[in-house]
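Novice: Protein chains in written order, with the numbering used here: chain A, 1 to 317; chain B, 1 to 517.
Misleading hints may appear alongside valid ones.
[To be verified] Straight-line distance between alpha carbons at most 20 Å, and here's what the computed SDA-like set of lysine to any residue pairs gives: (1) B:Lys77 <-> B:Ala133; (2) B:Lys452 <-> B:Gly421; (3) B:Lys411 <-> A:Met38; (4) B:Lys77 <-> A:Leu301; (5) B:Lys232 <-> B:Pro76; (6) B:Lys411 <-> A:Ala47; (7) B:Lys77 <-> A:Gly105; (8) A:Lys54 <-> B:Gln376; (9) B:Lys50 <-> B:Ala133; (10) A:Lys54 <-> B:Pro76; (11) B:Lys77 <-> A:Val185; (12) B:Lys312 <-> B:Pro290.
[Said to hold, decoys possible] To spell it out: a stretch of chain B is covered by chain A in this simulated footprint if at least three of its residues, at any positions, have a beta carbon under 8 Å from a beta carbon of chain A; those stretches are: (13) 73-84; (14) 180-187; (15) 423-431.
Read the hints as simulated data drawn from the structure, not as lab findings.
We treat Cβ as the ideally placed atom computed from N, Cα and C, and that holds for glycine.
What follows is the residue order along each chain.
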Amino acid sequence: MLSYIVQRLVQTALVLFVMSFIIYAMIGLMPGDPIDLMVQADPDLTAEDQARLKQLYGLDQPLTTRYWNWLTAAVQGDFGYSRLFAQPVLDVLWPRLGNTIVLIGCAFLLSLAIALPAGIAAATRPRSLLDNAVNLGAFAGISVPPFWLAILLIILFAVTLEWFPAGGMTDPGQGGLLDQLHHLVLPVVALTLARVGGIIRYVRASMMEALRQDYIRTARAKGLSRRRVLVSHALRNAMIPVVTILALDMGMLVSGALITETIFGWLGMGKTVYDAVLGNDYNLALMGLLFATALTLLANLLADLAYAWLDPRITYD
Amino acid sequence: MPAGRWSPTARTGSSSALLCTKLPTLENGLAEREELPNGDTGIAVTYTLKEGLTWADGEPVTSADVRHSWQVGKHPKTGVVSQQIYERIRDIEIVDERTFTVHIDRVTYDYNATVPPILPRHIDRKAFEADPAQYRNQNAFDRDPTDPGLYMGPYKMVSVQRGVRAVYERNPHWPGKRPEFDRIVVRAIQNTAAMEANLLSGTVDMIAGETGLSIDQALALETRHPERFQYKYQPGLVYEHIEFNLENAIVGDRRVRRALAYGANRQAISEQLFDGKQPVALHNVNPRDPGFTDDVKRYPYDPERARDLLAKAGWTNDKPGQTRTNADGEPLRLTIMTTAGNRTRELVQQVLQSDWDRIGVDLQIVNEPPRVFFGQTVSGREWDHMAMFAWLSSPESVPRSTLHSEQIPEKGEVGGQNYKGYANPRMDELIDRMERELDDDARAQLWHELLKIYARDLPSLPLYWRAQAYVLPRWLTGVEPTGHQYPTTLWVEDWGVAGPDGGAQAGAAAERTDGDG
Chain A
1 MLSYIVQRLV
11 QTALVLFVMS
21 FIIYAMIGLM
31 PGDPIDLMVQ
41 ADPDLTAEDQ
51 ARLKQLYGLD
61 QPLTTRYWNW
71 LTAAVQGDFG
81 YSRLFAQPVL
91 DVLWPRLGNT
101 IVLIGCAFLL
111 SLAIALPAGI
121 AAATRPRSLL
131 DNAVNLGAFA
141 GISVPPFWLA
151 ILLIILFAVT
161 LEWFPAGGMT
171 DPGQGGLLDQ
181 LHHLVLPVVA
191 LTLARVGGII
201 RYVRASMMEA
211 LRQDYIRTAR
221 AKGLSRRRVL
231 VSHALRNAMI
241 PVVTILALDM
251 GMLVSGALIT
261 ETIFGWLGMG
271 KTVYDAVLGN
281 DYNLALMGLL
291 FATALTLLAN
301 LLADLAYAWL
311 DPRITYD
Chain B
1 MPAGRWSPTA
11 RTGSSSALLC
21 TKLPTLENGL
31 AEREELPNGD
41 TGIAVTYTLK
51 EGLTWADGEP
61 VTSADVRHSW
71 QVGKHPKTGV
81 VSQQIYERIR
91 DIEIVDERTF
101 TVHIDRVTYD
111 YNATVPPILP
121 RHIDRKAFEA
131 DPAQYRNQNA
141 FDRDPTDPGL
151 YMGPYKMVSV
161 QRGVRAVYER
171 NPHWPGKRPE
181 FDRIVVRAIQ
191 NTAAMEANLL
201 SGTVDMIAGE
211 TGLSIDQALA
221 LETRHPERFQ
231 YKYQPGLVYE
241 HIEFNLENAI
251 VGDRRVRRAL
261 AYGANRQAIS
271 EQLFDGKQPV
281 ALHNVNPRDP
291 GFTDDVKRYP
301 YDPERARDLL
311 AKAGWTNDKP
321 GQTRTNADGE
331 PLRLTIMTTA
341 GNRTRELVQQ
351 VLQSDWDRIG
361 VDLQIVNEPP
371 RVFFGQTVSG
381 REWDHMAMFA
391 WLSSPESVPR
401 STLHSEQIPE
411 KGEVGGQNYK
421 GYANPRMDEL
431 IDRMERELDD
441 DARAQLWHEL
451 LKIYARDLPS
461 LPLYWRAQAY
471 VLPRWLTGVE
481 PTGHQYPTTL
491 WVEDWGVAGP
501 DGGAQAGAAA
511 ERTDGDG
C-alpha cells in the first residue's frame, strides 16, 4: 500500500509539472496581454509606453522563455507576484484556499447529511410517495440555476426577513467566529442546494443497484437486521461510485463555487482564479489552477484508498 | 493640485487648486516661459502647497514629496503605466518646504496640470532606493496600505480586504472642511443583481455611479422603488461609438458611412433604451467639454436620404425591403462586432440591425468575449466593417492617439489606437497645433475645426455618451456626480446628512458609522 501511495504521489508531481506548462501556454496564447488591457483603459497610452511595459513585464519574450523563467524561479520557491493584488501569489492564494475549503467543506458535509438518508430512503421504497418527493426535490435542485437560487436566498433571507447578511465574509469592526458563521449560512445553503440533488441521484441509483445484488439477498436470508443490511452491506458497496464522483468534485474549488463566491462576495479560489484569468494575471491564474489540479489529484488518490476500505476485495499490493 | 473638476453647473471644465494656494498661470506670473539648452521653449511653473497640509501620520506634505514622486515616475523600471507627464518634466526645483518649480520641456495648454500625483517620500523613498525594479511590488501602497502616512485627504484607509472591502476613517490631520461621517466602507460586489439586493437589504447605503449599475438596471430599480432612493444620472466622458474599418472598400466609402448614420435612429435608441439619460453623441467631444461645438454636420434619422446615398455609392435594390447589391451583384452585407455579454451593446446592435434593414443593409452581428475582442480583433485591426466599443477620455483630451495618422498601428505591432486607420493631413495639423495653443479661444477654434472635419469625414459613427447612475439614500446630501474621470469622492468632505426639512444639516453630529458605498 505504501509503495502504491508513493508511486501515485510521484505521478501527481509529474502531472503537475506537465500541467504547469499546459496552463501557462494556454493562458499565454489567449488573445491580449496585461498591457493590452491597460491600453483599453487609457487611449493616451503611447506606443513607447506599451513597448516599455511589455519589456518590463517580460511580455516581449517568447512563451517558452517566459515559462522557463517562471519555472526556474518556482523551483527556488519564488512563485512571483500577482499583478492584480500586488502581493506574492501564495500570500493571495492561501487565505482564499482556506475560505473556499470552509465554504465547500460545510456545503459538502451538509450535502452528505441530506443526500445519504434521502437517497437511501428513496432507493428502498422505489416509486413510492417518498421516492417521488425525493426525486422531485433532487431534480429541482439540479434544475434551478445557482445564480438565481443565490439571488432568491438573498432576497428572502437578507432583504425580506433580514435574518442573514446579503454578502461579505464579516462586518466591519466585527470578524468573530459567530459573525463569520452568520455570513457563511447563505452561501453554504446556496451551494448545498445546488449540489445535493445530484448526490441524491447518485446515492439512490447506487443503492438500488446494490440492493439487487445476490449478497444482499444472502444477508437478508441470514436474518440480519434491515439496518445492518442497508448500512453495512448495501451502502458500503453503493458508496464506491459516489466516492468517485465526490473526489472529482474537488475541481469545484475553481469552477463550482465561482457563482456562489461572486454573488455573496465570498473571497475564495473560484472568484480569484476567474478574476486572474480575465485580468491576465498569469502568475496567479497559473498557481490557482495548479492548486485545483493538485487537490483534485490528491482527492482521487484518497478516493482510491477509500475503495480498498469500502471493498476489501480491492487491493493495491 | 489641478484636478480638472468639471463643474456640473458650468459647461466648461478647468483646473482648480485643491492642494496648492493658487493655480499658477502665465497671467499671474507663477508660470514663465524659459529657453531650453537646445534652444526650444519650455515653461517653469511654480506651486505653493497650502499651509498645514499633512499626511495622516502628522508628517507635513512637502516639496520633497513632489520631487520624489517625479523621480519614481520617470524611472524606467518602476512600471508607471503612462510616462508622458514624467518625461515632459525636465526637473522639479525645490524652492522651500512648500514651494517648488516644475520645469517642463514644452509649452502646452495644460502646463499647469503637469504635476505628478504626490507620494509620501518619508515612507516611500526606502523601497524606491532599495531597488527601483522591485518598487512596483514593494511600495508601501501595496505592502502596507493602511499606513496612515500614505493618505493626505479627508479620510485614511484603516483596513482593507482586497477584492472585498476597504474601510476609511477620518484623517485627524486633514486641514480642510471636517467630513461628516466617522467611517465610510467601500464594498466590492461584482454581481450587479447581488449589489442591488445588498442595497435593498440595507447592507450598503448607496451605489456609486463610477462602477455600479448599468443605466438600464438603475432605471429598472427606479421604476420599482421610485421613492426609496434618490437617483442621479450623469452623462460622462465615455464615448460609445462604432469604429469603421476605413481600409475596407465598402465602409471606406464616406457615402456609405453617412448613409449608415442617417439610417440609424440614434435618438430613438437614446429615448427608448435609456430613457433619454444617455444622450446622442454628435461627435467625439462631450457637450460639457470646452472644445465642444454643435456647429457641425449632423445626421438626423432620415432613411430616405440614407437610401439615396447608398444608391449614389452604387448599392441599389429593385424592391424596398431587399438587400442592396452592387453592379457585380454582391449584397450589401456588413458585420458589426462588439463585446459578447454586454447587454446594452447587444440591444443597440439589434436596433441598428432593424434600422439598417429598412435601408437595404444586411447587418451580421458577430460578437466576441471582451478579451478576444479587445486583445485581438480591435488591437490587431482584424474586424471587417464595424466595431462597437467606447473610449474613456478626460476634458480637453487631445485625440492624438485615436485620430492622428501617426497613431495607426501596423498589424501585429505595438502602436497607437487609431485602429480605424483614419488619415487626414489637416486633422494631424490641428492636433499638433492645439496641444501648444495656450489661448483658450484660439484653441477652441482649433477644436471646432477638428470636430467639423470629424463630423464631415465620419471615421466613426457616434452613438451616445454613457451615463453613470448613482443610487443614493434620501438622507445623503452633497454627492455631486462629476461625469469625468475624477470620482465624486474627491469632494467627499462635502457629503452630509439631510436635515428634517430635507436640506443639508450643517455641523450634524458625526455619529453615522455605516456609510457604506
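Novice: Decide, hint by hint, whether the structure agrees.
Specialist: Hints, one by one, checked against the model:
no., hint, result
1, B:Lys77 <-> B:Ala133, "holds, 5 Å"
2, B:Lys452 <-> B:Gly421, "holds, 19 Å"
3, B:Lys411 <-> A:Met38, "holds, 19 Å"
4, B:Lys77 <-> A:Leu301, "violated, 46 Å"
5, B:Lys232 <-> B:Pro76, "violated, 42 Å"
6, B:Lys411 <-> A:Ala47, "holds, 13 Å"
7, B:Lys77 <-> A:Gly105, "violated, 44 Å"
8, A:Lys54 <-> B:Gln376, "holds, 16 Å"
9, B:Lys50 <-> B:Ala133, "violated, 33 Å"
10, A:Lys54 <-> B:Pro76, "holds, 12 Å"
11, B:Lys77 <-> A:Val185, "violated, 47 Å"
12, B:Lys312 <-> B:Pro290, "violated, 37 Å"
13, 73-84, "holds (count 7)"
14, 180-187, "holds (count 3)"
15, 423-431, "violated (count 0)"
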